[in-house]
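Residue numbers (this note's numbering), protein chains in the order written: chain Z, -19 to 329; chain F, -19 to 329.
Think of the hints as simulated: they come from the structure by calculation, not from any bench.
Note that this is a predicted model, so its numbers are computed, not measured.
For every residue, glycine included, the Cβ atom is placed at its ideal position computed from N, Cα and C.
Heads up, a few of these hints could be off.
Covered by chain F, per the in silico footprint, the following chain Z stretches (three or more residues, Cβ under 8 Å) [unchecked claim]:
1) -16 to -7
2) 119 to 133
3) 223 to 229
4) 260 to 271
5) 297 to 311
Derived DSSO-like pairs (lysine-lysine); straight-line CA-CA distance at most 27 Å [to be verified]:
6) Z:LYS137 <-> Z:LYS82
7) Z:LYS327 <-> F:LYS327
8) F:LYS268 <-> Z:LYS327
Here is how the chains run, residue by residue.
Number of protein chains: 2
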Amino acid sequence: MTLDDLDTPFLIADLDIVERNIRRSQQHLDELGLASRPHIKTHKLPFIAWKQIEAGAVGVTCQKLGEAEVMVDAGIREVFISYNIVGRPKLERLAGLCAQAKIFAAADSGHVIQGYAAMAREFGVSLGVFLEADTGGKRAGVQSPAAARPLARQILKAPGLTFEGVFTYPTGPPTQSFFEGVAAALQTDGIVCPRFSGGGSLCFWELDRTPICTEHRAGTNVYCDRNLVTQAGYRWENCALEVLTTVVSRPTAGRAVLDLGTKAMTSDPNPQGGFHHIRSHPEAVFEKLSEEHGHLDVSRCASPPALEDRLRVIPNHACGATNLHDLVALHRGGRVERILPISARGKIR
Amino acid sequence: MTLDDLDTPFLIADLDIVERNIRRSQQHLDELGLASRPHIKTHKLPFIAWKQIEAGAVGVTCQKLGEAEVMVDAGIREVFISYNIVGRPKLERLAGLCAQAKIFAAADSGHVIQGYAAMAREFGVSLGVFLEADTGGKRAGVQSPAAARPLARQILKAPGLTFEGVFTYPTGPPTQSFFEGVAAALQTDGIVCPRFSGGGSLCFWELDRTPICTEHRAGTNVYCDRNLVTQAGYRWENCALEVLTTVVSRPTAGRAVLDLGTKAMTSDPNPQGGFHHIRSHPEAVFEKLSEEHGHLDVSRCASPPALEDRLRVIPNHACGATNLHDLVALHRGGRVERILPISARGKIR
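So here's chain Z without its partners, still in its complex pose:
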C-alpha cells in the first residue's frame, strides 16, 4: 500500500525521517551529557514514544494526565506530567497512575504540593515532584530562585513525595542563572537539586549555553515543522510530518484550492508569517486558510498543480496538526507501513 491509496486529507509521517530525527536528537543530548525525556505532545503515539525510549530516552514527558494514561497503558514506566495537577477527579486518576508506574508531576505553589501530599497519603502511593521555574516563558512556575526553597522543603517533608528537581519551558538565555540561583537557594537548606530539566526544540542546538541542565525535554523535533525550519536552522529534509491533500478546485490560473484548511492544519502562526510548505511546489504560497479549504497561490509555480493532483503539505506546527487527526499513516518513502489511531489525541483532561 502506498500513499496513493489513501484518501485525503490524511496525516502522514515518514518513519525513516522520524527514526533519523530520534537518533540525531539522542546523539546530540548524549554528547552534551543530557538525559532525554522527550515530550509526546507532538506525536501522541506510544509507537513513537517507544522508539524514543529504545533510542535512549529515560522516559517521556506529557502535558495532560490523559496523555500519561495512554503512555502508561502502553507499558511506559517513567512519565513526567509537566503540569500542575489540581482538583479531586484528576488527583484520583494521578494516584491510579502512581500505582502503575514511576510518575512525576509539576508544582509551582504550596497549594499544588498539598494536593499531591494528601493524595499520596490517602492512596498510599508515591509521586515524584518537579518544581516549575518561570525562566522567561511567562506562564506557570516560580518567579524567583528564592521561591523554590520553601517548596522544595515542603516536598521533602511530605511522606510519599520525592523531590525530583526543577524544570522550565522553554530553555532560554535566563535559564542558566535562574537554575544556578535555585541550586544556591536549596543549598542553604542543604538540599541538592537532583535534576535541572530544560525543554524545547527551538533551543535544541544551543543547549551548550545552559550547562547546568542535566536533562532535556524536546517535543516538536521528532517530526520537525515549518516553524522549526524558519526559526531554528532545521531543514526541510528533517520534516517527517505532512498532510496529504488533493486539489479540489482550480478556479483561476493562479489559484489552487486544497481540501485542507484550519481544521486539518490549525491556524497556528509562523513568526515570519505565512502558512505551511509544499516540498514539490516550494513557490506555492498559502494566501489564506478557511476551515476546510487551503487557498493556494500557484502563480509562481513552474508547473502548477492540476485539479485532482495530490500534494503533501508540511504544517507550520506539527503538534497542532497531530492534534486534529484521528489517524496517522506511517510510511517509508511513500510505502505505508502502519495506519495508527493517534491514541493520545483528544486526551485534554
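We have chain Z already, so just place chain F on it with the hints.
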C-alpha cells in the same frame, strides 16, 4: 448534575441559548422569505441539526462527505455538501449517500460535473448539483456569471443529475450583481436558476441587501462566538458555547494560567486582535495561548480568579473549538442535560 461536576477543560453549550438562537435565525429568514439550510460545521451534532430542522430548516449543509454521512445516518433526509467531491473513493461514498437521502453537492468545473455524472450512471442514483460562484470569497467557484452557463447546461444534460441552483460563500456586496448575472446568463439558454443560496453568519443581519437570494446557509450563529460579537453586532448573551476551565497556576498577582490553550480553543484569530472572552471576568485578557495553557492577564480584574477557580471561556471561533473536542456537555443555565459525543468531529474526509 451541574457544570461543577465536570472535570476541565470541557466544552459546554447552553441549550436555552442554542434554542433561542435557532428560533431567532429561523424567524429572521422567514421574515426575509429565505429558506434556511444551516451549516452543521459549527456544532457537528445531529442532535442540534434536528432542532434546526424542527424549527423550519429545509435541510442541512455540510462541508465534508464524512459529516454528511453522520447526518444522513441520523435520519436527516436533505443534505447539501457545499464542496467539490472528487476522486473515486469519495464518489463511491457519495453514491451510497444518494441512495439513502436527497443529496446535493457542489461543482465549479466541468471536470467535477463529469465525475458526478459518471457516478450517477454507474450506481444508478440521482444527485442534485449546486454551482459554486466566487462572489468575493476568493476560494472555489466560477469567476464570472458567464462561466456558469455551460456548466448548468452540462448538469441538465447528464442523466441522474439535477440542477439545483447557484451558491456562494460568504454573501457580500458583490453577490447580488453576480447572481443577477448568473440568472441572465442561464436565461439565454432558457434555464431558470431554481435557487440562489447565500452563506455566512457575519452577513446574517444584512441579508436584505441581497434580495435575489432564495435561501441562506448560516453556521456559526447557532452558537455565536467572540468573532461574531466583535464584528457583526451579536451580543455576549447570544454566545452558547464556552469551554469550562480551571485556574491551574497563579504565578504572579497579575497572571492566571488556565488549563486550556490552542489545543482546546484553536489559534483562530480575531480581526480586532486578542483571544476569547470570559463573561464573569470581562477585564481578563488572554496575553498568549500555549498548546495547553491559557496565559491570562488578570491585573485589571476587580476580583481576580484564584487557583482552582473554574471559569467559562467564550472562544474566538466556535467552529474551531468544537472541532477540537470529542464531547460537549449541553446544559441549561448550568444544569447538565446531555453529554454527547461530537459525532461529526474528525470527519475530515
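Comparing the hints with the structure gives:
Given a C-beta distance limit of less than 8 Å, the hint that chain F covers the segment -16 to -7 of chain Z holds, as 4 residues qualify and 3 suffice. Coverage of a stretch by a chain is defined here by at least three residues with a beta carbon nearer than 8 Å to that chain's beta carbons; for the segment 119 to 133 of chain Z and chain F the count is 5, and the condition holds. Chain F is given as covering the segment 223 to 229 of chain Z, and this holds because 3 residues of the stretch bring a CB closer than 8 Å to a CB of that chain, at least three being needed. Counting residues of the segment 260 to 271 of chain Z whose C-beta lies closer than 8 Å to any C-beta of chain F gives 4; at least three are required, and the coverage claim holds.
With a threshold of 8 Å between beta carbons, the proposed coverage of the segment 297 to 311 of chain Z by chain F holds, since 6 of its residues qualify and at least three are required. With a C-alpha separation of about 20 Å, the suggested pair Z:LYS137 and Z:LYS82 falls inside the 27 Å cut-off, and the hint holds. With a CA separation close to 18 Å, the supplied pair Z:LYS327 and F:LYS327 stays within the 27 Å bound. With a CA separation close to 22 Å, the supplied pair F:LYS268 and Z:LYS327 stays within the 27 Å bound.
Comparing the model with each numbered hint stated earlier shows that all of them hold.
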